[in-house]
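Chain W is already provided as a structure; the job is to place chains E and V on it using the hints.
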Amino acid sequence: MLSYFLRRLILVLPVAFGVSVVCFMLVQIAPGDPLTAIMPVDATAEQQAAMRAAYGLDKPVPVQYLIWIANLLQGDMGRSIATGRPVAAEVFGAVGNSLLLAFSAAIIAFPIGTFLGFLAGYFRDTVLDRAVTAISIAGVSVPNYWLGIVLVIIFSVNLGWLPSMGAGPGGSQDWHWDWTHIRHLILPAVTLAVVPIGIVARTVRALAGDILSMDFVQALYAKGMSRGDVLRHVARNAAATALSVMGLQLGYLLGGSILIETVFNWPGSGFLLSNAIFQRDLPLLQGTILILAMFFVAMNLIVDVAQAAIDPRIKRS
Amino acid sequence: MAQVEAELQPQAEAAPKPQGYWSGVLGRLAGDKVAMACLIVIALLILSAVFAPWLGLADPYRGSMIARLKPIGTEGHILGADEQGRDMLARLIYGGRLTLFIGLMPVVFAFFIGSALGIAAGYVGGLTNTIIMRVVDVFFAFPSVLLAIAISGALGAGITNSLVSLTIVFIPPVTRVAEAVTSGVRSLDYIDAARASGAGALTVIRVHVIGNVLSPIFVYATSLTSVCMILAAGLSFLGIGVRPPEPEWGLMLNTLRAAIYVDPWLAALPGVMIFATSLCLNLLSDGLRSAMNVRD
Amino acid sequence: MSATDTARSTAPLLSVRELKKHFPIHGGILGRQQAVVQAVDGVSFEVAAGETLGIVGESGCGKSTTAKLLIGLTQMDEGDIVLDGRRLGPDMSLKALRRDIQMVFQDSYASLNPRMTIGDSVAFGARVQGLDDPQGRARRLMARVGLDPDRFAGRYPHELSGGQRQRVNIARALAMSPKVVVLDEAVSALDKSVEAQVLNLLADLREEFGLTYIFISHDLNVVRYISDRILVMYLGEVVEVAPVDDIWNAPAHPYTRSLFSAMPSMDPDNRTTKPPLSGDPPNPIDPPSGCRFHTRCPMASEVCKRKHPVLGRMGQGSPHWVACHLHDPASGHPKAAEGASV
Numbered sequence: 001m002l003s004y005f006l007r008r009l010i011l012v013l014p015v016a017f018g019v020s021v022v023c024f025m026l027v028q029i030a031p032g033d034p035l036t037a038i039m040p041v042d043a044t045a046e047q048q049a050a051m052r053a054a055y056g057l058d059k060p061v062p063v064q065y066l067i068w069i070a071n072l073l074q075g076d077m078g079r080s081i082a083t084g085r086p087v088a089a090e091v092f093g094a095v096g097n098s099l100l101l102a103f104s105a106a107i108i109a110f111p112i113g114t115f116l117g118f119l120a121g122y123f124r125d126t127v128l129d130r131a132v133t134a135i136s137i138a139g140v141s142v143p144n145y146w147l148g149i150v151l152v153i154i155f156s157v158n159l160g161w162l163p164s165m166g167a168g169p170g171g172s173q174d175w176h177w178d179w180t181h182i183r184h185l186i187l188p189a190v191t192l193a194v195v196p197i198g199i200v201a202r203t204v205r206a207l208a209g210d211i212l213s214m215d216f217v218q219a220l221y222a223k224g225m226s227r228g229d230v231l232r233h234v235a236r237n238a239a240a241t242a243l244s245v246m247g248l249q250l251g252y253l254l255g256g257s258i259l260i261e262t263v264f265n266w267p268g269s270g271f272l273l274s275n276a277i278f279q280r281d282l283p284l285l286q287g288t289i290l291i292l293a294m295f296f297v298a299m300n301l302i303v304d305v306a307q308a309a310i311d312p313r314i315k316r317s
Numbered sequence: 001m002a003q004v005e006a007e008l009q010p011q012a013e014a015a016p017k018p019q020g021y022w023s024g025v026l027g028r029l030a031g032d033k034v035a036m037a038c039l040i041v042i043a044l045l046i047l048s049a050v051f052a053p054w055l056g057l058a059d060p061y062r063g064s065m066i067a068r069l070k071p072i073g074t075e076g077h078i079l080g081a082d083e084q085g086r087d088m089l090a091r092l093i094y095g096g097r098l099t100l101f102i103g104l105m106p107v108v109f110a111f112f113i114g115s116a117l118g119i120a121a122g123y124v125g126g127l128t129n130t131i132i133m134r135v136v137d138v139f140f141a142f143p144s145v146l147l148a149i150a151i152s153g154a155l156g157a158g159i160t161n162s163l164v165s166l167t168i169v170f171i172p173p174v175t176r177v178a179e180a181v182t183s184g185v186r187s188l189d190y191i192d193a194a195r196a197s198g199a200g201a202l203t204v205i206r207v208h209v210i211g212n213v214l215s216p217i218f219v220y221a222t223s224l225t226s227v228c229m230i231l232a233a234g235l236s237f238l239g240i241g242v243r244p245p246e247p248e249w250g251l252m253l254n255t256l257r258a259a260i261y262v263d264p265w266l267a268a269l270p271g272v273m274i275f276a277t278s279l280c281l282n283l284l285s286d287g288l289r290s291a292m293n294v295r296d
Numbered sequence: 001m002s003a004t005d006t007a008r009s010t011a012p013l014l015s016v017r018e019l020k021k022h023f024p025i026h027g028g029i030l031g032r033q034q035a036v037v038q039a040v041d042g043v044s045f046e047v048a049a050g051e052t053l054g055i056v057g058e059s060g061c062g063k064s065t066t067a068k069l070l071i072g073l074t075q076m077d078e079g080d081i082v083l084d085g086r087r088l089g090p091d092m093s094l095k096a097l098r099r100d101i102q103m104v105f106q107d108s109y110a111s112l113n114p115r116m117t118i119g120d121s122v123a124f125g126a127r128v129q130g131l132d133d134p135q136g137r138a139r140r141l142m143a144r145v146g147l148d149p150d151r152f153a154g155r156y157p158h159e160l161s162g163g164q165r166q167r168v169n170i171a172r173a174l175a176m177s178p179k180v181v182v183l184d185e186a187v188s189a190l191d192k193s194v195e196a197q198v199l200n201l202l203a204d205l206r207e208e209f210g211l212t213y214i215f216i217s218h219d220l221n222v223v224r225y226i227s228d229r230i231l232v233m234y235l236g237e238v239v240e241v242a243p244v245d246d247i248w249n250a251p252a253h254p255y256t257r258s259l260f261s262a263m264p265s266m267d268p269d270n271r272t273t274k275p276p277l278s279g280d281p282p283n284p285i286d287p288p289s290g291c292r293f294h295t296r297c298p299m300a301s302e303v304c305k306r307k308h309p310v311l312g313r314m315g316q317g318s319p320h321w322v323a324c325h326l327h328d329p330a331s332g333h334p335k336a337a338e339g340a341s342v
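Those sequence lines, one after another, are chains W, E and V.
So that you can map any letter, position 9 of the first sequence is 9 in the working numbering, and since no number is skipped, the others follow by simple counting.
So that you can map any letter, position 56 of the second sequence is 56 in the working numbering, and since no number is skipped, the others follow by simple counting.
So that you can map any letter, position 73 of the third sequence is 73 in the working numbering, and since no number is skipped, the others follow by simple counting.
Chain W on its own, in the form it takes in the complex:
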């Protein structure tokens, strides 16, 4: 197990390196001079050159990358051009809120998706199966930023039950586990949960259907095992695959929450990202993307290792 973990870890390193290159390149492909935003309009040529030297922009691109990565490894992700605060501080505050949203959505989506998928797989080719299939296709087809707006229309505008904006009363940034705050979490979390419900239901349906039709399940029935015992066996067999799909979905939730956070003004990383984009705050953009991507890479690693722990067949490949 440990050697499998180490092998996976070593495979992750080049990917992490590649991710850092892509994030670095984001600033390079951006049109215009990254310093225009903070440079005085009437700056002289010397002042401009001095400024470039101060930010290391006079050096060749590979050298700039090495400087950037060296700083990064010391926890220095540069400063936000818009606020002047360190990027790391800005990003980590926001990522916390995003994680809260993503985990809440996962807690809603995974049990519901699993339940629906299992129903459909167990009662294959019945009305129930078709209904679940329709729900899951609709779930993966819906633009969730629009769904968020529809939910706001229903529950905030028409019914007035839930707030439509922010993470707490009066645009509060500090999260507390009380009803006034949780009220704000419900709509965005439900919105975010719809796509993974569809995907998890689809996966579990296929898994349950496949496994139930396998010979060993027939053998279990033939041995006189009860329906409940057979179900438990099936569930264990499906667990490894289902787990990996869910793990990846959790990563996607963090990335996919960007649009939802914009709809609900949720003060997370996506919200930060859209601010960074509009203020052309490239260091902040770069830092946010990097942290989110690295989180996704780590999530993949955890999923792989967890999957191997559950299903020993995987280790061999």
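Please keep in mind that the hints were generated in silico from the structure rather than gathered at the bench.
Hints may be right or wrong, so weigh each one.
[To be verified] If the Cβ cut is set under 10 Å, some of the chain E residues that face chain W in the computed set are: (1) 39; (2) 40; (3) 64; (4) 134; (5) 135; (6) 142; (7) 143; (8) 150; (9) 153; (10) 154; (11) 255; (12) 256; (13) 270; (14) 276.
Glycine is no exception: its CB is placed at the ideal position from the N, C-alpha and C atoms.
Coordinates of chains E and V only, in the frame set by chain W:
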């Protein structure tokens, strides 16, 4: 797949005319009611978008102070008017032009580029494969939404930039599928037989590989169109896609969002279009998958 | 040149010298090369024009790899292939070699492009090689192997039976007018009755086109029927080569003997009492020292573990070659003197 094909044509031995692969696929697809309905909806959307100027619609760019946020069903504005008093029906139909274009073209580009990369990696193998696939792995480390927003965010708004960023997002998944399918075909004896005829790599790929790998890659690519649509409209919704005043469903959803307290259902209309299109694309792709006997 | 059959005074059509192919195995945390599979390790043989050489051995002994090396489908690590006096590399391109040596594979379905009509499949090679009238060639050859081109040329592989498909593969191999055809388990997947028909067809074609066959099979009866000489391989090496009657009546290598004795005999009076071969062949990743067969050999002695036997003639000028210490009086094997009679 071979066996399935054989089972589907039990009378092949007695058939007077041999049946090609594609006529079989089309026949099966035509029998799938859901897929056909979706195909018709998508065809209508595309046709109405292309021929919008000849449909006798209102000018989608001309606003009017007094018509602002007229509700659905208003005389002269069947689907209402937006926050600048522009006719919603005209804007929704004209909006299909950019939305469908930016929503579908990246998958088309990615299909060609990704297939070329994946087939090269899968056929040549070795170092070529390692280099291509490791780069693909890096892009897989980004959730697709994040990657699209990152590139579009860095490049800035605009139609070309959206096309570029979405194409980059969809090349890696197409490449991965193309590589897997090609590696499978590469190990079959008929490829060895073709090589043993003295044919060069390009001839073998052109004559023997492409025909056998393209349909699974194509089916996979069609399954990406729905996501691409949603993402393309999402970029415009965020303000990093199409620029105003162009009619585009995602952008319309964004600008009308402020009006949800005035006329909520009017504001939701552009989203209905995105949802309906993406649903039809998904169902059509599913239909195509079963018609082509592609298993995933 | 160790396996040269000087009994035939004419120069051989095809001569293979010291063919070697080792497949690396990667593994471990860093994916470093851990070991090599010695799939083919120093195989040499010669085939005269018009002759059929049968190659037999258990699965994994390297016979299929040898076939793929012959036609360049797998790249050899070392060795020489000389065809008609031209050496592959300096005198002859791979493309030229592939025009003169063709191959028929075991799986008749997998060896035909499912999206291509039979007629196009047969014509493909001739078209690639720039021969004139590839379609006409294809139609003539299809007719020759017993498939009416009017009925079959436009069909797809899944519309044919296994036997018909294998006829297509034979026609395809012949479409380039090759000198040598490598048949790698070409009839093994067919029903017995169809197998006999295809074997007869192959024998007729050999006469008609003056072909030279290298016939690879695990089925000894089939090999005996079609071959002039038989070559026995064990773990990537040649252990015995001899004319078919010699090896059939007097197999010299203990491995050949156990291989033949494991074969069910049709004649109840002639059923063998010798012990059949037991167990699986050793792992080719780490082949046994000395003689590779010593771990399973009933005659093994101390010398077999230490010394690797060289392929040599059974007697002065004999066409029968064997790689076994039993037949080498100088080897130091205690039973070496009586070897041939055991």
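Checked hints:
1. 39: With a minimum Cβ separation of about 16 Å from chain W (threshold 10 Å), the hint on residue 39/E is violated.
2. 40: Residue 40/E check fails; min Cβ-Cβ to chain W is 17 Å, beyond 10 Å.
3. 64: violated (25 Å)
4. 134: Where the cut-off is 10 Å and the nearest Cβ of chain W is about 6 Å from residue 134/E, the hint holds.
5. 135: holds (7 Å)
6. 142: At about 5 Å, which falls below the 10 Å cut-off, the nearest Cβ of chain W leaves the hint on residue 142/E intact, so it holds.
7. 143: At about 3 Å, which falls below the 10 Å cut-off, the nearest Cβ of chain W leaves the hint on residue 143/E intact, so it holds.
8. 150: With a closest approach of 5 Å, the residue 150/E hint holds.
9. 153: holds (4 Å)
10. 154: Since chain W brings a Cβ to about 4 Å from residue 154/E, closer than 10 Å, the hint holds.
11. 255: violated (12 Å)
12. 256: holds (9 Å)
13. 270: Since the shortest Cβ distance to chain W is 8 Å, the answer is holds.
14. 276: With a closest approach of 9 Å, the residue 276/E hint holds.
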